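Each chain is listed here by its residues.
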Amino acid sequence: MNLIAFLMAILFAPLLVSIIYKTKASMAGRKGPKWFQSYWDLSKLMRKQSLYSNATSWIFRVTPVINVVASLLVLLMLPLNGWPPAIAFPGDLIVIIFLLALMRFFTILAALDTGSSFEGMGASREAVLSSLTEPVFFLILFSLAKLGHSLEFSKALLQFNMHLWSQDTTSIFLLAGAIFILLLTENARMPVDDPTTHLELTMIHEVMLLDTGGPDLAWMEYASSLKLWIFCSIWISIVCPIKSSGWINLGWVIIGMGLVGVSIGLVESSMARLKLSRVPLFIAGSFVLTLFAMIHIWSAIG
Amino acid sequence: MIHALMACIGILGLGALFSLIFSHSPRILRIGIPLSLSMALGLGLMAVAHPHKGCFYSKIPLGPSAFHACLEIKLDPLSSFFLILILFLAWITAGFGMATMHPSEDKRPMGMHWFWFHILTGSMILIIVAWNGLLFLVAWELMSISSFFLIGLEHEKKEVRNAGLLYLILSHIGIAFLLFFFIVIGKGGLDFHLISQIPPHQANILFLCALIGFGMKAGVVPFHVWLPEAHPAAPSHISALMSTGLISMGIYGLMRSFLFLEPSLSIDWGFVIMILGMGSSILGAFWALSQRDLKRLLAYSSIENMGLIFIGIGMGITGLKIHNELLALLGFGAALLHTINHSLMKGLLFLTAGVIVHAQKTRNLEQLGGLNQLMPLASFFFIWGSMAICGLPPLNGFISEFSLFWASWVGIQSSHPDMFLVFSVVVGGVAFAGGLATLAFLKVSGTVILGHPRTEKSKPHPLKQSVKILLGILTLACLLSSILSVQLIRAIQPILGLLTQTQPIRVHNSLQVFKISLFIVTGLNVILMGALAILMLVYLYNTAHSTRTRTWDCGYDQPTRRMQYTPSSLVQPLTRIFHPFLKQYSRMEYQSVFPNKMEFSTQAIDYLKEKIYIPMMNYFQQWINHGKKLQHGRLQLYLIYVTLTLLILLIWNGMYR
Numbered sequence: 001m002n003l004i005a006f007l008m009a010i011l012f013a014p015l016l017v018s019i020i021y022k023t024k025a026s027m028a029g030r031k032g033p034k035w036f037q038s039y040w041d042l043s044k045l046m047r048k049q050s051l052y053s054n055a056t057s058w059i060f061r062v063t064p065v066i067n068v069v070a071s072l073l074v075l076l077m078l079p080l081n082g083w084p085p086a087i088a089f090p091g092d093l094i095v096i097i098f099l100l101a102l103m104r105f106f107t108i109l110a111a112l113d114t115g116s117s118f119e120g121m122g123a124s125r126e127a128v129l130s131s132l133t134e135p136v137f138f139l140i141l142f143s144l145a146k147l148g149h150s151l152e153f154s155k156a157l158l159q160f161n162m163h164l165w166s167q168d169t170t171s172i173f174l175l176a177g178a179i180f181i182l183l184l185t186e187n188a189r190m191p192v193d194d195p196t197t198h199l200e201l202t203m204i205h206e207v208m209l210l211d212t213g214g215p216d217l218a219w220m221e222y223a224s225s226l227k228l229w230i231f232c233s234i235w236i237s238i239v240c241p242i243k244s245s246g247w248i249n250l251g252w253v254i255i256g257m258g259l260v261g262v263s264i265g266l267v268e269s270s271m272a273r274l275k276l277s278r279v280p281l282f283i284a285g286s287f288v289l290t291l292f293a294m295i296h297i298w299s300a301i302g
Numbered sequence: 303m304i305h306a307l308m309a310c311i312g313i314l315g316l317g318a319l320f321s322l323i324f325s326h327s328p329r330i331l332r333i334g335i336p337l338s339l340s341m342a343l344g345l346g347l348m349a350v351a352h353p354h355k356g357c358f359y360s361k362i363p364l365g366p367s368a369f370h371a372c373l374e375i376k377l378d379p380l381s382s383f384f385l386i387l388i389l390f391l392a393w394i395t396a397g398f399g400m401a402t403m404h405p406s407e408d409k410r411p412m413g414m415h416w417f418w419f420h421i422l423t424g425s426m427i428l429i430i431v432a433w434n435g436l437l438f439l440v441a442w443e444l445m446s447i448s449s450f451f452l453i454g455l456e457h458e459k460k461e462v463r464n465a466g467l468l469y470l471i472l473s474h475i476g477i478a479f480l481l482f483f484f485i486v487i488g489k490g491g492l493d494f495h496l497i498s499q500i501p502p503h504q505a506n507i508l509f510l511c512a513l514i515g516f517g518m519k520a521g522v523v524p525f526h527v528w529l530p531e532a533h534p535a536a537p538s539h540i541s542a543l544m545s546t547g548l549i550s551m552g553i554y555g556l557m558r559s560f561l562f563l564e565p566s567l568s569i570d571w572g573f574v575i576m577i578l579g580m581g582s583s584i585l586g587a588f589w590a591l592s593q594r595d596l597k598r599l600l601a602y603s604s605i606e607n608m609g610l611i612f613i614g615i616g617m618g619i620t621g622l623k624i625h626n627e628l629l630a631l632l633g634f635g636a637a638l639l640h641t642i643n644h645s646l647m648k649g650l651l652f653l654t655a656g657v658i659v660h661a662q663k664t665r666n667l668e669q670l671g672g673l674n675q676l677m678p679l680a681s682f683f684f685i686w687g688s689m690a691i692c693g694l695p696p697l698n699g700f701i702s703e704f705s706l707f708w709a710s711w712v713g714i715q716s717s718h719p720d721m722f723l724v725f726s727v728v729v730g731g732v733a734f735a736g737g738l739a740t741l742a743f744l745k746v747s748g749t750v751i752l753g754h755p756r757t758e759k760s761k762p763h764p765l766k767q768s769v770k771i772l773l774g775i776l777t778l779a780c781l782l783s784s785i786l787s788v789q790l791i792r793a794i795q796p797i798l799g800l801l802t803q804t805q806p807i808r809v810h811n812s813l814q815v816f817k818i819s820l821f822i823v824t825g826l827n828v829i830l831m832g833a834l835a836i837l838m839l840v841y842l843y844n845t846a847h848s849t850r851t852r853t854w855d856c857g858y859d860q861p862t863r864r865m866q867y868t869p870s871s872l873v874q875p876l877t878r879i880f881h882p883f884l885k886q887y888s889r890m891e892y893q894s895v896f897p898n899k900m901e902f903s904t905q906a907i908d909y910l911k912e913k914i915y916i917p918m919m920n921y922f923q924q925w926i927n928h929g930k931k932l933q934h935g936r937l938q939l940y941l942i943y944v945t946l947t948l949l950i951l952l953i954w955n956g957m958y959r
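Chains as they are written, first to last, in our numbering: chain X, 1 to 302; chain S, 303 to 959.
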């Protein structure tokens with residue numbers, strides 16, 4: 001039973017991306033891609049030949065693997081609402097953050113490995129924005145741990161039930177908002193980054209993959225859909241007040257994931273991308289929400 | 303084993319003499335110096351590996367017993383820890399220096415350099431084992447002077463002379479505070495055993511002195527200004543030893559003085575040390591990422607890491623004062639772990655930087671690039687070191703950051719409500735510093751190591767076998783100290799017991815939960831590496847059919863090497879966001895109205911140095927100039943000074959009788 005959260009993620013992470021695309025398409029009055037289009041894309045890419053730049057080194061080759069391995073390891077430690085994770089121990093949330101940092105570190109290095117100025121641009125933006133999101137992410141997870149009274153992430157998240165919701169509504173609301181902003185930033189979603197634009201100059205994450213193709217691109221895309229799943233499952237575990245480890249949890253997960261997917265799609269269709277110099281302020285917004293949540297927690301215990 | 307320890311110090315002294323005698327015969331030095339340092343390391347290990355956990359106390363008589371003058375030395379768990387660390391680092395850096403310094407390129411005899419190297423190592427060992435105020439101070443002074451001469455190897459350069467002078471002045475300011483500290487603390491005598499309970503108001507002043515004196519050596523902000531000047535000026539193996547061993551002596555001194563004053567200190571000192579630590583980790587990382595000089599960047603990163611160690615010590619003191627035993631143990635534990643880990647990875651980075659600088663003949667990051675194509679092995683070592691210092695799993699930096707965050711969680715959970723806010727700030731600060739440091743090292747690894755070389759460069763000579771082995775040892779050590787972290791914690795338990803005054807068995811039991819999670823983390827690291835290896839095979843099978851081509855530059859037909867992102871353009875968005883803290887001077891020189899030759903240079907400014915230290919020093923210099931009137935070189939008048947001083951002292955003595 002402990003592996004079910006992990007298996008769900010492996011199987012359905014690309015579907016979550018499809019939900020976002022479907023929502024965006026229906027908002028724009030289009031039919032949109034097929035539901036399983038992401039899977040077809042992955043299998044098509046897997047069968048292609050890969051092409052490497054002369055400039056690249058072993059860094060470029062290990063990056064896709066590190067991305068997949070690190071996100072799979074994070075998923076092993078992540079609960080999915082009521083379902084416990086496979087591995088849990090006090091301090092696992094610290095490991096989760098550092099594994100995500102490992103992913104990012106190598107993605108940026110691989111982008112710079114090509115020596116392309118476009119990829120350098122993306123790497124620069126990603127590096128700077130992630131150095132700003134990292135402290136916010138730490139503070140959010142530690143505040144969640146404080147609310148749940150445990151450094152064991154799954155144990156802390158299991159505490160987010162009706163009782164805690166009625167007790168600490170304000171701080172949970174603030175933290176859910178903060179983590180939603182972080183979700184959009186870390187996963188290169190709309191107000192921060194536009195993955196679908198045709199101009200490489202304005203992208204952040206996608207431009208770093210310009211030289212990645214074929215199976216490499218498939219691994220990277222799969223890893224980034226896993227990363228999106230990771231953030232969404234943290235969000236669901238905070239927001240959903242009903243925790244049960246039985247099959248009833250499946251219903252909550254489907255509703256939750258659908259809700260996150262649709263809301264990301266709505267944000268993407270209703271907002272324009274922020275000016276790049278404004279993005280730090282967007283992250284600062286998340287920081288301020290976390291700060292208020294922390295002050296609220298403090299005043300409750302003080 | 304007192305004999306082994308004395309022999310270790312003796313060997314270092316003999317080595318110093320030896321290098322002076324054979325100063326002009328590099329062949330003999332090449333065998334003798336590694337031999338003497340290896341023997342010192344072996345003897346040091348023997349001294350520590352004693353059945354009584356290496357604990358002993360001994361008096362060494364000075365002259366005939368009628369004088370009752372003796373020097374006390376003592377080896378306790380804390381000293382054993384630093385003893386092994388220093389001897390290991392000296393061994394590695396000496397080997398590297400021996401292999402990379404070329405007597406043929408360099409006309410000056412190397413004997414003097416190795417003389418001071420031995421003196422430096424020996425004086426650090428003496429500081430560690432000293433149990434006598436006088437011995438400690440003399441050894442401390444020797445350490446400062448010998449490292450001054452080591453920095454000044456290339457003294458014909460003006461920047462080296464300036465850096466050395468700044469270092470000498472600031473270390474002596476530090477020594478002045480330490481002198482006061484040891485005189486007041488040893489009221490009954492110089493033996494540290496005579497130190498008794500000190501009243502709180504006195505203890506506060508004394509601890510402030512110790513903090514300034516030892517903080518000056520550790521290089522925490524605001525006492526850091528010598529560090530980024532001295533490290534680039536020194537030859538690489540010296541900067542490696544200084545940035546790992548020498549600044550760790552500041553940590554040792556701080557822990558020792560804390561042990562002397564512990565009962566009378568207030569909780570505020572824990573906060574003060576944490577604030578200093580956070581300031582230096584965040585500012586150090588900020589300055590590191592805006593540097594253009596490879597070794598200067600590494601020096602600022604040392605300041606950042608010293609800050610992390612200070613945060614650990616501050617947490618330990620706070621934990622003791624709020625009677626939270628686990629917090630105290632974990633705080634000090636994280637500080638000690640990071641001391642080892644930082645020494646290993648910074649040693650690796652500085653030595654690799656030495657290889658790079660030697661091969662490329664420049665330290666300027668903007669001119670370096672694509673080193674991976676020119677020197678693949680050195681590039682691998684550098685990327686490995688950067689991963690470690692950014693705290694990425696599975697390497698050792700991750701373990702010390704994990705412990706630091708775990709400790710702050712214990713602080714957050716403690717019953718004291720205000721501690722939640724204090725330690726949340728610590729979490730945010732450490733994470734912010736970590737993010738900035740990652741950016742700094744991404745800048746070096748990404749734009750200097752990877753990509754295309756910026757100018758046409760020929761392949762440098764391959765690395766020497768001995769350099770490969772030494773760097774390989776450090777590389778492996780970075781991995782091993784992560785994999786063996788539980789054993790490492792177990793090994794430092796006696797020190798934690800000493801620092802927190804707890805029974806060993808209680809230390810063992812309190813740390814049990816932490817050790818279990820550390821064990822699981824180690825397991826995860828192993829799984830990470832295993833899964834990486836397996837999936838790598840799948841991936842290589844998957845991408846077996848591949849071709850090589852040019853980098854895709856969005857349809858642009860003529861991409862050149864100069865179009866690559868440069869180190870400073872990589873961090874430009876951040877320097878723009880935080881421009882008030884990261885002021886940069888830029889200078890542009892036009893030659894004529896029409897565009898032809900133009901010069902442009904930018905420079906990152908260390909505010910503290912420019913706005914506080916330099917004006918303060920200038921002011922002092924003016925003030926001290928008045929004193930010159932007294933010093934005129936006439937012997938007769940000097941004799942009058944001596945007589946007058948003696949007279950005044952006699953009268954003073956008579957008044958207090």
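Hints listed in this document are in silico derivations from the structure and should not be mistaken for laboratory results. Hints may contain errors.
[Claimed, not checked] Below, in silico cross-link-like pairs of lysine-lysine (BS3-like), each with a Cα-Cα straight-line distance of 25 Å or less:
| # | chain 1 | residue 1 | chain 2 | residue 2 |
| --- | --- | --- | --- | --- |
| 1 | S | Lys913 | S | Lys885 |
| 2 | S | Lys885 | X | Lys275 |
| 3 | S | Lys913 | X | Lys155 |
| 4 | S | Lys663 | S | Lys460 |
| 5 | S | Lys460 | S | Lys361 |
| 6 | S | Lys460 | S | Lys913 |
Small disclaimer: the values here were computed from a predicted structure and weren't measured.
Hint by hint, here is what the structure shows:
no., hint, verdict
1, S/Lys913 x S/Lys885, "holds (12 Å)"
2, S/Lys885 x X/Lys275, "holds (24 Å)"
3, S/Lys913 x X/Lys155, "violated (50 Å)"
4, S/Lys663 x S/Lys460, "holds (18 Å)"
5, S/Lys460 x S/Lys361, "violated (45 Å)"
6, S/Lys460 x S/Lys913, "holds (22 Å)"
In this structure, the earlier hints numbered 3, 5 are contradicted, and the remaining ones agree with it.
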